[in-house]
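For the record, the sequence lines run as chains A and B. Taking the numbering used here, the leading residue of the first sequence gets 1, the next gets one more, and so forth. Taking the numbering used here, the leading residue of the second sequence gets 1, the next gets one more, and so forth.
Hints listed in this document are in silico derivations from the structure and should not be mistaken for laboratory results. It cannot be assumed that every hint is accurate.
To be verified - List of simulated lysine-lysine pairs, DSS-like, C-alpha gap at most 30 Å:
no. : chain 1 : residue 1 : chain 2 : residue 2
1   : A       : Lys125    : A       : Lys35
2   : B       : Lys121    : A       : Lys126
3   : A       : Lys148    : B       : Lys121
4   : B       : Lys205    : A       : Lys148
5   : B       : Lys213    : A       : Lys148
6   : A       : Lys35     : B       : Lys121
7   : A       : Lys142    : B       : Lys205
8   : A       : Lys125    : B       : Lys205
9   : A       : Lys126    : B       : Lys205
10  : A       : Lys27     : A       : Lys70
11  : B       : Lys205    : A       : Lys173
12  : A       : Lys196    : B       : Lys121
13  : A       : Lys125    : B       : Lys121
14  : B       : Lys47     : A       : Lys142
15  : B       : Lys121    : A       : Lys70
These are the residues of each chain, in order.
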Amino acid sequence: MQNMMNDNSMLRMRGIHKRFGELEVLKGIDFSVAKGDVLAIIGPSGSGKSTMLRCINRLEEIDAGTIEIKGRVLVQNNADGVAEYVSEVESREILSCTGMVFQQFNLFPHMTVMQNLLEAPVQVKKRPAEEVRPEAEELLRKVGLFEKRDCYPGRLSGGQQQRVAIARALAMKPDIMLFDEPTSALDPELTGEVLKTMRELAAEHMTMVVVTHEMAFAREAANHVMFMADGVIVEQGRPEEFFAHPVQERTIAFLKNML
Amino acid sequence: MLMDNLLHTIVLMLEGTQVTLEIFCITLVLALPTGLLAALGRISSLKPVSLLMEFYVWIMRGTPLMLQLLFVYFALPLVGIKLPDIAAALLAFVLNYAAYFAEIFRAGIQSISRGQYEAAKTLGMTYPQTMRRIIIPQMIRHVLPPISNETINLVKDTSLIYILAMNDLLRVARTIVQREFDMTPFVIAGVFYLAMTFVLTWAFKKLEAHYAKYDE
């Protein structure tokens, strides 16, 4: 975040506007993420934080603004001030360095855990399965689910499924990982194992953008916290500052409610 | 009925069964992929394609199969399209059944959650890859029961070619009944149809068990 200018920049969002029909959900969002940053985005539901995250990898399309990923323009305003995306092919290429983890896991239920991990490297990158398999096994060991490699996702707990989903995204070797409320669909006793996996990832200096309700994670694992409400960034800063001395009234009210 | 006579009847009816099975198998093999293509066309974002498919399904489901058979068989030759008997029957069957299959496939595809498309997209998969690897394999599990239903209907619907003077199982039975004034062939025909649908029911049960190997 401090480092705005150079090739360290992983993600840059400028003047992002997005509306769903009459409702304007993003009202001019600006921020950058540098390599190795862990950005936690917090805020009440309906604040636009998930929509903002989904705009990064084009699951939603913005109406105006600029998005750059690793210095490459994904979308920018044309002469009329309307967002214009690059071609489908180029967009796919630019976004190939991003990975995403969803609230609902979205594992492929008809494939085993191992097949879930192999699918994209083999189908998208056209790598031979035998070459990918050792990497996939390594990732599964890392998230502690190697023994479950031949299970179908339906047989796993929510926390295990989410860890598989993280491993599946990592199998594509992304440079930036997006997390959309990764623990919100989990029973409280299962959030810990997922947060642990995410902390380990942060410790390895993976660049991460995490939309979350987990204040402890934001405080301890993130190096930058952003509070969103009503489609704007209300306040942001380093976690120690942000949580100790929030300035804006809405931030103070929100944090009081969360704690 | 003498033993000899009965045996002769059964042999004749087995020949009829062969015609029935031919129509059934070829229709099924052609109508399933055609139906899938029509379903993909129906959900396509290309408006003309999806409208065309909607129109096709509307015509095929909105008119009797018997009428469609008669049309292909008698009306097409008037505009210069003369198909061999069996091909004419098959054309009508395939077009009709593909329309029903298309609706089943469409419902099946639309029952797959949006999260599956999004997960595939964020992993870099293209739309054709997503359909082929992620959506259609899951859809098959959902549509097996209704497809099984339609397939069993098809066995029985093949008897409609009786009006086109093709010697399928039912027509053979009726011919013998009219000649001998003996109702046994109708009973035998019933048993033959039951045997065919029994095998199908069993096969679909196996398929469903195979696809039930994972939980959703």
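Checked hints:
no.: 1; hint: Lys125/A - Lys35/A; result: holds, 24 Å
no.: 2; hint: Lys121/B - Lys126/A; result: holds, 16 Å
no.: 3; hint: Lys148/A - Lys121/B; result: holds, 25 Å
no.: 4; hint: Lys205/B - Lys148/A; result: holds, 29 Å
no.: 5; hint: Lys213/B - Lys148/A; result: holds, 16 Å
no.: 6; hint: Lys35/A - Lys121/B; result: holds, 23 Å
no.: 7; hint: Lys142/A - Lys205/B; result: violated, 40 Å
no.: 8; hint: Lys125/A - Lys205/B; result: violated, 37 Å
no.: 9; hint: Lys126/A - Lys205/B; result: violated, 36 Å
no.: 10; hint: Lys27/A - Lys70/A; result: holds, 24 Å
no.: 11; hint: Lys205/B - Lys173/A; result: violated, 42 Å
no.: 12; hint: Lys196/A - Lys121/B; result: holds, 26 Å
no.: 13; hint: Lys125/A - Lys121/B; result: holds, 14 Å
no.: 14; hint: Lys47/B - Lys142/A; result: violated, 47 Å
no.: 15; hint: Lys121/B - Lys70/A; result: holds, 19 Å
Checked against the numbered hints given earlier, the structure breaks hints 7, 8, 9, 11 and 14 and satisfies all the rest.
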